[in-house]
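Student: Chains as they are written, first to last, in my numbering: chain A, 32 to 109; chain B, -12 to 77.
Check each hint, because a few of them may be wrong.
[What the hints assert, rightly or not] Straight-line distance between alpha carbons at most 30 Å, and here's what the computed DSS-like set of lysine-lysine pairs gives:
#1 A:103 <-> B:68
#2 A:61 <-> A:103
#3 B:39 <-> A:78
#4 B:13 <-> A:61
#5 A:61 <-> A:50
#6 A:50 <-> B:39
#7 A:78 <-> B:13
#8 A:103 <-> B:39
#9 B:13 <-> A:69
#10 B:68 <-> A:50
#11 B:13 <-> A:103
Worth flagging that the hints you see were computed from the coordinates, not collected in a lab.
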Amino acid sequence: MDPSALNNPQLQQLINQEKERAMANEMIAKLTSACWDKCITGTPGSKFSSSESSCLSNCAHRYMDMSMMIVKRFQSMQ
Amino acid sequence: MDAFSSSSSSSSSSQMSTEDFMDQLKVQLAQAYAEEFMETVRGKCFDKCITKPGSSLSGGEGSCISRCVDRYVEATGIISKSLFSASMKN
């Protein structure tokens, strides 16, 4: 491939789009792994119990709350 | 760019069009994502289902693995939905 193609706006757009997708994927994968360990304590059943699914969703929301708190905490230290 | 040029389609020249390159990039990325996800699921389900490895995979272990894979995929959906709805609120 011609190296000047790297300046192609279509390719640039794809790269930026993929960068964002990679970041989102990584975040989802990391949180799913952490919340799975916290919420799914027994052997996986054929259906999530309501407490398991609400634990998973709470887990993700609390992680977001926590990261905001951490940002604020660091900001107040400056 | 080796990984991308190897399977280029037909044409006699080794030059690849940007479109072909982008298509291959998408395929390779999708494969990489799938591979990484499978690796995570393998780890999680091995921990959950193969607690005492025997001389062969038992029926109980097999069905645990199927359920575990399904639940992990479902959990990924729940987490991404929660993240998405949380970021909408802010």
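Student: Hint by hint, say whether it matches the structure.
Tutor: Here is what the structure says about each hint:
For the given pair, residue 103 (chain A) sits about 25 Å from residue 68 (chain B) by alpha-carbon distance, which is consistent with the 30 Å threshold. Note on residue 61 (chain A) and residue 103 (chain A): the hinted pairing holds, with a Cα-Cα distance of about 22 Å set against a maximum of 30 Å. A C-alpha spacing of about 24 Å is found between residue 39 (chain B) and residue 78 (chain A), which places the hinted pair at or below 30 Å, so the restraint holds. Distance restraint check for residue 13 (chain B) and residue 61 (chain A): the Cα-Cα separation of roughly 22 Å lies within the 30 Å cut-off, and the hinted pair is therefore satisfied.
Between the alpha carbons of residue 61 (chain A) and residue 50 (chain A) the distance comes to roughly 17 Å, so the proposed pair stays at or under 30 Å and holds. Distance restraint check for residue 50 (chain A) and residue 39 (chain B): the Cα-Cα separation of roughly 41 Å exceeds the 30 Å cut-off, and the hinted pair is therefore not satisfied. Among the hinted pairs, residue 78 (chain A) with residue 13 (chain B) is inconsistent with the structure: their alpha-carbon atoms are about 33 Å apart, more than 30 Å. A distance of roughly 46 Å separates the Cα atoms of residue 103 (chain A) and residue 39 (chain B); the hinted pair therefore is violated under the 30 Å criterion.
For the hint linking residue 13 (chain B) to residue 69 (chain A), the alpha-carbon distance of about 34 Å lies beyond 30 Å, and the restraint is violated. Restraint check for residue 68 (chain B) and residue 50 (chain A): the C-alpha separation of about 20 Å stays at or below 30 Å, so the hint holds. Distance hint between residue 13 (chain B) and residue 103 (chain A) is unfulfilled; the C-alpha atoms sit about 38 Å from each other, more than 30 Å.
Consistency with the previously given hints fails for numbers 6, 7, 8, 9 and 11, ordered from lowest to highest.
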